[in-house]
Every structure is written in C-alpha cells, then in structure tokens.
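All chains should be modelled from the sequences, with the hints used to inform the complete structure.
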Amino acid sequence: MDPERSDHELLRAFVAGDHSAFDALMRKHEDRIFSLALRMTGDRADALDATQDAFVSAFRNARSFKGTSAFSTWLYRIGINACHDLLRKKGRVVPTEDVDAGEARGRTDEDVPLKLELALALQQLSPDYRQAVLMHDLGGFPYEEIASITGVQVGTVKSRISRGRRKLAELLEQRGASPASKGT
Numbered sequence: 001m002d003p004e005r006s007d008h009e010l011l012r013a014f015v016a017g018d019h020s021a022f023d024a025l026m027r028k029h030e031d032r033i034f035s036l037a038l039r040m041t042g043d044r045a046d047a048l049d050a051t052q053d054a055f056v057s058a059f060r061n062a063r064s065f066k067g068t069s070a071f072s073t074w075l076y077r078i079g080i081n082a083c084h085d086l087l088r089k090k091g092r093v094v095p096t097e098d099v100d101a102g103e104a105r106g107r108t109d110e111d112v113p114l115k116l117e118l119a120l121a122l123q124q125l126s127p128d129y130r131q132a133v134l135m136h137d138l139g140g141f142p143y144e145e146i147a148s149i150t151g152v153q154v155g156t157v158k159s160r161i162s163r164g165r166r167k168l169a170e171l172l173e174q175r176g177a178s179p180a181s182k183g184t
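Going by the numbering used here, the residue at position 129 of the sequence shown is 129; the numbering climbs one at a time, nothing skipped.
Honestly, the hints are just simulated from the structure, not real lab data.
Keep in mind it's a predicted model, so treat the numbers as computed, not measured.
Each hint can be trusted.
In silico SDA-like pairs for lysine to any residue, Cα to Cα no more than 25 Å straight-line: (1) Lys167 x Gln124; (2) Lys89 x Ser126; (3) Lys90 x Arg32; (4) Lys66 x Arg27; (5) Lys90 x Ala119; (6) Lys90 x Ser57; (7) Lys66 x Val15; (8) Lys167 x Gln123; (9) Lys66 x Asp31; (10) Lys66 x Phe55; (11) Lys167 x Thr150; (12) Lys167 x Ala119; (13) Lys28 x Gly17; (14) Lys90 x Gln123; (15) Lys66 x Arg12; (16) Lys66 x Phe22; (17) Lys28 x Asp43; (18) Lys28 x Asp18; (19) Lys167 x Leu118; (20) Lys66 x Gln52; (21) Lys28 x Gly67; (22) Lys28 x Tyr143; (23) Lys28 x Pro142; (24) Lys158 x Leu138; (25) Lys90 x Leu118; (26) Lys28 x Phe65; (27) Lys66 x Asp53; (28) Lys66 x Glu4; (29) Lys167 x Val152; (30) Lys28 x Arg77; (31) Lys28 x Leu48; (32) Lys158 x Gly139; (33) Lys89 x Leu120; (34) Lys90 x Asp49.
Encoded structure:
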C-alpha cells in the first residue's frame with residue numbers, strides 16, 4: 001500500500017472494498033485517537049476501549065462520511081463520542097488519572113504530585129471547558145479543528161480554553177500545587 005495516499009483516498013478505497021485501506025487509516029490515526037481517549041478518560045484500559053469503539057464505529061459508518069470536513073476531524077469527533085459514551089456507561093463524567101510506576105518513570109518525584117493535582121483540578125472543570133483545554137493544550141488540536149469537532153464557533157472554543165485555563169490555575173493555586181510554587 002502506498003503510504004502517500006491521503007485519508008480521503010484511503011477511505012474511498014475502503015468503501016470500494018479494499019479492507020487494507022481501513023487498516024492503513026487506523027495505523028495512521030490510532031496513536032492520536034488513543035492519546036485523545038487517554039486524556040479524556042484518564043485510564044489506559046478505558047482509553048483502549050474507547051479507541052477500539054471509535055474505530056469500530058468509523059468502520060461501520062465509513063459510507064456516511066460526507067467529506068465536508070477532514071477525515072481526521074470526523075474520526076476525532078467519533079473518538080470524543082466514544083469516550084463520552086464509555087464514561088457515561090461507567091457512571092463517570094470526569095477523567096480520573098492513575099499514575100503508576102510505569103507512567104512515572106522518567107519524571108522527577110515532584111512531577112507526579114503535580115500531575116495528580118492537575119488531574120483532580122481537571123475533574124472540577126465543566127465538561128466543555130475540560131474538553132477544549134485537553135484537546136488544545138494536551139492534544140495539540142488547533143482552534144478551528146476543535147470548533148469543527150465540537151460543533152461550536154472558533155470564538156467559543158477560544159473562550160472555553162481561556163476560561164478553562166483560568167479556572168485550572170485558580171484550582172491549582174487553591175490546592176497549593178501551582179507550578180510556580182513547586183519550584184520554590
């Protein structure tokens with residue numbers, strides 16, 4: 001398979017019957033979908049489940065992709081929905097984050113408590129703020145792509161990120177876990 005094929009070309013090939021084209025799409029996007037799911041769920045097992053659910057849904061609904069947005073935008077929206085569905089089924093609407101020895105490897109001892117404080121603070125944000133902050137600051141999504149994925153205006157995305165960051169800073173300061181206080 002030609003690695004230079006675009007997402008749209010691969011999707012068209014898959015819809016036409018080439019199942020290896022979907023495998024290529026999955027390999028191309030699985031790390032980013034898993035990373036998004038991990039940040040949204042805060043749990044590796046849940047992130048794996050949500051990632052699998054997202055790709056199963058994309059596989060089943062590939063014919064419904066209209067091409068009005070980038071394939072990646074459509075796929076990330078499916079990934080976000082899979083995370084929301086999984087968290088709803090588990091009775092959770094906020095991420096919790098486990099920091100085990102494997103995750104903590106390579107970090108200083110000061111980084112682990114800060115990461116836990118950040119996870120706790122993220123839990124206290126409204127879902128809209130949390131989603132926008134996670135997608136932009138941790139996922140690296142541009143404003144326009146977040147707007148397209150979430151179905152809101154770019155200005156709303158910017159506002160949610162700004163307000164979410166401000167609230168996070170307040171929460172971390174209240175907990176005494178602000179990055180500035182950790183270095184002194």
